[in-house]
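Using the hints provided, position chains B and C relative to the given structure of chain A.
Residue numbers (this note's numbering), protein chains in the order written: chain A, 1 to 758; chain B, 1001 to 1286; chain C, 2001 to 2170.
In short, the hints are calculated from the structure, not lab data. The model shown is predicted, which means the values in this text are computed figures rather than measured ones. Yeah, the Cβ is synthetic: ideal placement off N, Cα and C, and Gly gets one too. Do not rely on the hints blindly, as some may be mistaken.
Partial selection, computed: residues in chain C whose CB lies under 7 Å from chain B [to be verified]:
hint	residue
1	G2010
2	Q2014
3	M2015
4	E2041
5	Q2042
6	T2049
7	G2054
8	P2056
9	A2057
10	R2058
11	V2065
12	T2066
13	G2131
What follows is a list of derived Cβ distance ranges for each label pair [said to hold, decoys possible]:
hint	chain 1	residue 1	chain 2	residue 2	range
14	B	P1004	A	E76	44 to 50 Å
15	A	G36	B	D1150	26 to 32 Å
16	A	E149	B	L1258	35 to 41 Å
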Amino acid sequence: MTTTKETWVGRGIPRVEDPRLIQGLGEYVSDIHFPGQWAMALVRSPHAHARILEVRTDAARKLSGVHAVISAVDWEDLRQPLPDMKPLSPPALAYERVLYVGQPVVAILADDRYIAEDAADLVEISYQPLTPVVNVEDARQDSVVLHPEFGTNILDYVNFVSGDGQEALKEADHVISATLQMGRVSAQAMEPRGIAALFDEKTQSLMVYHATQSVHRAKERISTFLQMDPNHVHVIAPEIGGGFGVKNGSYPEEVLVSYLAKYFAHPIKWSGDRFEEFLGTYQEREQTHHVQLGIKNDGRIVAFVDTYYQDNGAYPGGGVLVAHNTARNLMGPYRIPHFAIHCYTVMTNKVPQTPYRGAGRPQGHYIIERIMDRAADELGMDRIAIRMKNLVRPQDFPYATGFPGVVYDSGDYPQTFQDLLDIVDVSAFRVRQQQARAQGIRLGLGLANYVEISAGFGFEGVHFRLAADGRIELATGATGQGQGHRTALAQIAADTFEMPLEQIAVVEGDTRRIDKGIGTFGSRTVIMAGNAIVIGGQEFLEKAREAAAKILDVKTTDVVYHQGTFSAPGTSAKSLDWTLLASELQRASHSMPAHEYYFYSNTATYGFGCHGVIVEVNEKTSEIRIPRYVVVHDGGVVVNPLLANGQVIGGVVQGLGSALYEEMRFNENGQPITTSFLAYHLPGAVSVPDIEIHHRNYRAPGNPGGYKGVGEAGIIPSQAVILSAVEDAFRDQGLRLNYAPITPGRLFQAMHREEAKL
Amino acid sequence: MKPPAFSYYRPESVAQALHLLSTVEGAKILAGGQSLIPMMNMRLARPDALVDINHLTELTSIQDVGDALEIGALVRHDELLRSPLVRRHAPLVAQAERLIGHPAIRSRGTIGGSLAHADPAAELPVLAVLGDWELIVSSQTQTRTISAGDFFLSYFVTTLAPEEMLLRIRLPKVSTYGHIAEYAIQAGDFALTIAATSVDVGPSGVVRECRIALGGVTDVPWRDKTIERQAIGQVAQDSLWKDISHTVAEAIDPIDDLHATSAYRRQLAEALLREALHRAAQPKPA
Amino acid sequence: MVSITLRVNGTVHQMDVEPRWLLADVLREHLKLTGTHLGCEQGVCGACTVLLNGQPARSCLTLAVTADGADITTVEGLAQNGQLHPIQDAFWQEHALQCGFCTPGFLMTAVHFLQDNPDPTRAEIKEALSGNLCRCTGYQHIVNAVERAAKNLREKSGEKESIQTSTVEG
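The following block holds chain A by itself, in its conformation from the complex:
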């Protein structure tokens, strides 16, 4: 008799996180309230580039309820560079120069945030404005150098060549060129960044509650800056109100709150507000690419050449990673035999870039997808046909893209793309498009493919222990921000231990509970921590069997574990479940079984898929509506389809934001001018369509669980696919869109230029 084993993995169960959150009982950093805590507010630079001449704090200091007004002009410790921002770390507080609007200059500690903001108003800082450098074209000239000690505004240059590189363009029948750009976007998690710290003088230890994606790296940075024994710094991430990458890096507020809490031995909290989130939280995307695609008459790609400049802002901040990851994604899922990529990361007087959801993946795909559209148009070829011609085929696996370390390994790209075309029903759409056009309605279809490269570096671990109540507790250093890992990881563990889900408790983001961790970003947690459970769980079970053997008074080798029960067949010993095991161990004063396991892997996973979107454009208002959005997505072995759908849909909608509405804009002085939700528009419920998702589950060959990333699949091709669709709606006019986002105002201008040309 065969039975199908029922598993927890693969079931779309509602989350264990939710009962608290839906009752308003979740504790976010902003909800933490230490008795007597002081609130921190910051005076931030109003200049993009200036010398600080004088800082006058007397009036602020005198205000009732103010405890300290701190500038690095007097506090030398706070001139120390922020950890992890080499080679050009800013000081914790600027004291000589400011390099972007929003850079912190003075910190204020007061009884509450109201008073702290009053004091901030009273701080007087004299600046000597310097020439701001606000775009890469100017920055590259180096006529004004942001960091004179560095000598140039080019923070990083790297090139990647495969095959014959640029030379191969000669083999092409056509060379298609374009300059393609993406504006800056801001992640804008609903909870602004925040941090609260409490110093215990007795134990000389610092407890930090931190809205961070990586508690262990935060701990490292804080102990470095404070020159403290890392064993005395504990970082806890409570509930985090969204992260999307930008709550991962090194920020001035992190070390300021930590340092000041220790210095004053007083609890301090900084809850950033929305304005600070716009000014001080790192941003992403902004790049300009000069692309050439060499192509044969039949549409086959011969060579790809791209020189691009990332407007990185004033300090490293993680931007170089984004620039490099862009290069890694430029091939998309296509066979490109020769390429040459020149990647420049250029500093400007703006807040730094840091990885934001996608982190180079959307940029790379935007370029390859858009240049393929352009090539198809110029060759008079169908945009679908050119893609089919060049997609990596199943027989090509393992397929090395030519970029160091990238080897696509699984799935069927052409079949999946064909599935999308069938689902969208392209030929029926073309008929509808014609009919609509006759009625004055413009419809357009956009299609794009993608590969979602996830994980592939470092480690993540799990600390297993049997809790007193018989539940198995798993602590991981990966710190979620809403992904639902406490549920998904528990599902994996429930299968590993053949136990009901309620018997598993997952603890995230507490440096006291596990020694090491890297964090949650880049769609890595289920892959890394999930496999740590799969493998480490067996080792933990072995320890549990040893413990059970002691209680049962048999040899460990006699103990059999089956579906939550330890027994010793063939002996007179009775059987034990985990609860009984826990209570017997405690009664006997034996230690509880515990085990720590780290999963290391340099093998990335390669999810893939494609998006199809239909747009409806109102020529009169330039409004772009989205009647239909289809995703076909491979996420490998999907642990919880409900959560995976949530990730994909959420990613798509964020992508629609950066394709249609969202852009951080700066004026010629480097002033950000989109610093509220009235000027920086997030997509709202009315403007987003219901997203149709079709899963493909090609097991990842490179890890035991077979998992792949799902967090970025939704956002990767979004800008490419929307611009493609809008162009398609104006095919008769040959509309060319070279800039994302395509806001209504920009679309008006693009349409207008075309009209003027005609």
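Positioned in the frame of chain A, the structure of chains B and C alone reads:
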């Protein structure tokens, strides 16, 4: 983003409120707070004193006064949306209210606050100018009635003196049909451009009255009676609306900002106006 | 300081507040009801939405002094006797939240919306939620949850009616 300190007064009558406005230095009125409080949170507004009129029940009624409705300045948006009197005699207001903010904004924001705030991209100032509303304004020493066309001076600036308070708004009852069309980047946001119309078509299909007002294109709600008069006596048909909209688009000099250039606003105004005229002139079921 | 009285989730609180304190801060900092979140302090994101005398209101745009005497319901007041409100349950079942930060505002908005609109279309639900921003979910599951809650509430009120009817008949 916390408001600066201010002295707080909560009058129990309009008379007390007017007294406070004339005696307390730097006093401003707090009504629904949906525009003032965000500006205070951002510290773009720093009133020395607030006179909180939220408890003045004298200002919360909607009354039928014969040829007009008189609406208290403290009547909130959602009451305008629900009021049978407003639906019957000022249907365009009820229509426009659906476009104003969101339920949580409409439950607090007031008609008086919206007019006194004088945002040229807000709906009610546009309707006030379109409908020749009269604003009844008092200080401790005098009461005056201001026609909406004279009330708005520039962005966020009106003829209200610091010691004056808007008490009631008189909306002439309308028997004409109207329509409001607008385009905002996200639902509930301030519109890039608003077009409001009111059209009376006689039994023979000839236009007897036509009113046009625009929002979001200039520093105050825009209206031009000369252009309106061009429609009178003409057959109400799409070609007329096309011509009128085009004439208006040529006549305006729209503002440029972050979201829309002048040229884009001009096109929006033309398109929205054409739609609003067309819809207003549609024969309605009895 | 001004002395005010607020009735929050059925409990009457008398307290002294500074006139400038926002209702949201008084709920969060003084009454320790931290479920009401501050997302933008500008009235756009809706995370701070509470019911003020039964109507949805931005607690970041309402001074606590102005709310003197008001009856306020926050997210903490939705569940009754340990039973989740049908909207809370629907949010859970439909995976309508990820980070959960915006969720209290959505719940309060939806509670009020369904009182007046027991059988809404998806488009109506989206419009009703248009004053609340969510950065994680893309809204789709939230709309699903409001649909599910509407259905459950209708069934529940149907049950109540039939109970009442049978009482009358009996």
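Results for each hint:
Here the hint on C:G2010 is broken, as its CB sits about 21 Å from the closest CB of chain B, past 7 Å. Checking C:Q2014 against chain B by beta carbon gives a least distance of about 17 Å; that is not within 7 Å, so the hint is violated. Against a cut-off of 7 Å between C-beta atoms, the interface hint on C:M2015 is violated, since the closest Cβ of chain B lies about 15 Å away. Taking 7 Å as the C-beta contact cut-off toward chain B, the hint placing C:E2041 at the interface holds, the least distance being around 4 Å.
For C:Q2042, the interface hint holds, the least distance from its beta-carbon to any beta-carbon of chain B being 5 Å, beneath 7 Å. Among the interface hints, the one on C:T2049 holds; its C-beta lies about 5 Å from the nearest C-beta in chain B, closer than the 7 Å criterion. With a least beta-carbon distance of about 9 Å to chain B, the hint placing C:G2054 at the interface is violated under the 7 Å criterion. Contact between C:P2056 and chain B, as hinted, is supported at the beta carbon level, the nearest pair being about 4 Å apart and thus within 7 Å.
The restraint placing C:A2057 at the interface with chain B holds, with a minimum CB-CB distance near 5 Å, inside the 7 Å limit. Taking 7 Å as the C-beta cut-off, the interface hint given for C:R2058 holds, the closest approach to chain B being about 5 Å. Residue-level restraint check for C:V2065 holds (minimum Cβ-Cβ distance to chain B is 6 Å; threshold 7 Å). Hint status for C:T2066: holds, given a least beta-carbon distance of 5 Å to chain B, under 7 Å.
Interface restraint check for C:G2131: the shortest CB-CB distance to chain B comes to about 2 Å, inside 7 Å, so the restraint holds. For B:P1004 and A:E76, the Cβ-Cβ distance of about 33 Å falls outside the hinted range of 44 to 50 Å, so the restraint is violated. One distance hint, 26 to 32 Å for the beta-carbon pair A:G36 and B:D1150, is violated here, with the actual separation near 56 Å. At about 36 Å, the CB distance of A:E149 to B:L1258 agrees with the hint of 35 to 41 Å.
Checked against the numbered hints above, the structure breaks hints 1, 2, 3, 7, 14, 15 and satisfies the rest.
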